[in-house]
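**Q** Residues per chain, in single letters:
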Amino acid sequence: MSDWVEACAADDIDEEDVMRFDHAGRTFAIYRSPDDEYFATDGLCTHEKVHLADGLVMDDIIECPKHNGRFNYKTGAARGAPVCVNLKTYPVKVDAGKVLIQIG
Amino acid sequence: MAGMVIIGAGECGGRAALALRDLGFEGPVTLVGDEPHLPYERPPLSKEAMTAEAPAIKAIASDELFAERSIRHIHSVRAVSIDRAAHQVRLSDGTSLAYDRLLIATGSVPRKLPMAGLGGRCVYLRTFNDALAIRAHLSAGNRVAIIGGGFIGLELAASARKLGAAATVIEAQPRILMRGVPAEIAEIIHKEHEAQGVNILAGQGITGIADDGAEVRITLADGKEIAADLAVIGIGAVPVTALAGEAGLAIDNGIAVDEHLRTADPDIFAAGDCCSFPLVVYGGRRVRLEAWRNAQEQGALAARNMLGADEAHAAVPWFWSDQYGLTLQIAGLSDEGRSTVRRDLDDGAFILFHLAQDGRLVAASGIGPGNAVARDIRLAEMLIAKRASPAPEALGSQTVKLKSLLAA
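Heads up: the sequence lines are chains A and B, in that order. Numbered continuously in the working numbering, the first sequence closes out at residue 134. Numbered continuously in the working numbering, the second sequence closes out at residue 419.
Some hints here could point you the wrong way.
[As the list claims (entries may be wrong)] In silico BS3-like pairs for lysine-lysine, Cα to Cα no more than 27 Å straight-line:
id, chain 1, residue 1, chain 2, residue 2
1, B, Lys235, A, Lys79
2, B, Lys235, B, Lys123
3, A, Lys118, B, Lys69
4, A, Lys104, A, Lys123
5, A, Lys79, A, Lys104
6, A, Lys104, A, Lys128
7, A, Lys104, B, Lys412
8, A, Lys79, B, Lys173
9, A, Lys128, B, Lys123
10, B, Lys58, B, Lys202
11, B, Lys173, B, Lys202
12, A, Lys128, B, Lys173
13, A, Lys128, A, Lys118
14, A, Lys79, B, Lys69
15, B, Lys414, B, Lys397
16, B, Lys414, A, Lys104
17, B, Lys397, B, Lys412
18, B, Lys69, B, Lys58
19, B, Lys123, A, Lys79
By construction, these hints were calculated from the structure, which means they are not laboratory data.
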């Protein structure tokens, strides 16, 4: 499936920050890293289904706003209690100032 | 090799066991708990365990995971004594466990209401089984009286309302959440409870309780009587220290440990709700914390130090409470502050920054819908850990990003 969906404008997200993106009944989190790359993951924490976009981005880590579960948003890897299930990631590309994600 | 023994299979003990394996320890790890369940998270007990259609424990790891990681979990058994000279723990089933290093993570139990007249309809909340017993009385049309306007009591009141039960909260202090929550924030929570139909009676002592098995009648200092189908007592928690005390370890509002979570016995550690420890971030002030994240962090830290890391507990206290759509988060101990600066966020959310005499940020308390305050409280926690003294004007202005203060 190569279903590229436009999520937001590239400058909607600050560097080292995150934004929520809802599409077709699903929710995603779109990240802009400190070195100005874009990434996307499922929007909800694997611990208690909290929106990660309310959390804090530090370097390549997103921290859940509720219980501080941490994930590497570039790989989706769970990085510490209480989370133990990895986050699903999605391909991202920036085209003409727009951030697109490939929803599989 | 006798290996590592952990007494207490709650959040703290469970996390410590897993951490020992994460750190590569290959000797025996034994986790002893007096409940019949796997180690589970307690925060949901006053919330989801009450309101979910099918309540279930939220285990921090499955039986399979413990088996895969060779962690032996002995359930439904208490530790009854520690023989420090022989490095052995005696258990309530008559067996003994040898240890090289021991972690005591026995947690806390509800403070008992010292009054005559309590019967089967006067209960406490600590375990999943307690939660099931309370839940059975929280249906529509029932009346629950909650003695104590702290977090457990208020979260239970919110759950009761969600289920359609009538709720009355009785608090002896002049207002709810006297301990550790600023009045400005307690007032928001108070108002929300009243809007949701909870009857809050603050500044009301209790002079008598009568429980005839069918109904509880509570007499208040002003002579008023509250009748309820169930009374839940939530007036704080006391650390479980008897085992350590009888083994000759020092008790000081909890099992006294140093900043490495070590007792005076170099092979015995204590962590979580049961211990008091010097808080590095406040110059070594001795505290005892009853908080989920502290239990988690100290469990992991104790594991590292049991393996020789010699690392000090440098974390900033942090906790949260969810009631209706509101979430409160507090980082640090607000009683360390002498002045406050308010920062207003979107949707009525706000944060109070607590500053010490010398301008140092020592705590931050926030409240708002959903996770509105989470990110800024987390950043405040980092500023507190750094012992930063941010300009009050910057803290108070929503246009100044807290992250930018962290870099300064």
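**Q** Next, verify each hint and record whether it holds.
**A** Consistency of the hints with the structure:
1. B:Lys235 to A:Lys79: violated (44 Å)
2. B:Lys235 to B:Lys123: holds (23 Å)
3. A:Lys118 to B:Lys69: holds (22 Å)
4. A:Lys104 to A:Lys123: holds (13 Å)
5. A:Lys79 to A:Lys104: OK: Lys79 (chain A) and Lys104 (chain A) at ~19 Å, within 27 Å.
6. A:Lys104 to A:Lys128: holds (19 Å)
7. A:Lys104 to B:Lys412: Distance ~24 Å between Lys104 (chain A) and Lys412 (chain B) Cα, so the pair holds.
8. A:Lys79 to B:Lys173: Holds - the C-alpha atoms of Lys173 (chain B) and Lys79 (chain A) are around 20 Å apart, at most 27 Å.
9. A:Lys128 to B:Lys123: With a Cα-Cα distance of about 60 Å, the restraint between Lys128 (chain A) and Lys123 (chain B) is violated, given a limit of 27 Å.
10. B:Lys58 to B:Lys202: holds (19 Å)
11. B:Lys173 to B:Lys202: With a Cα-Cα distance of about 16 Å, the restraint between Lys173 (chain B) and Lys202 (chain B) holds, given a limit of 27 Å.
12. A:Lys128 to B:Lys173: The hint is violated at about 43 Å.
13. A:Lys128 to A:Lys118: holds (22 Å)
14. A:Lys79 to B:Lys69: holds (14 Å)
15. B:Lys414 to B:Lys397: Given pair Lys414 (chain B), Lys397 (chain B) holds - Cα atoms ~13 Å apart, limit 27 Å.
16. B:Lys414 to A:Lys104: holds (21 Å)
17. B:Lys397 to B:Lys412: holds (17 Å)
18. B:Lys69 to B:Lys58: holds (12 Å)
19. B:Lys123 to A:Lys79: Violated, because 35 Å separates the two Cα atoms, which is more than 27 Å.
The earlier numbered hints that this structure contradicts are 1, 9, 12 and 19.
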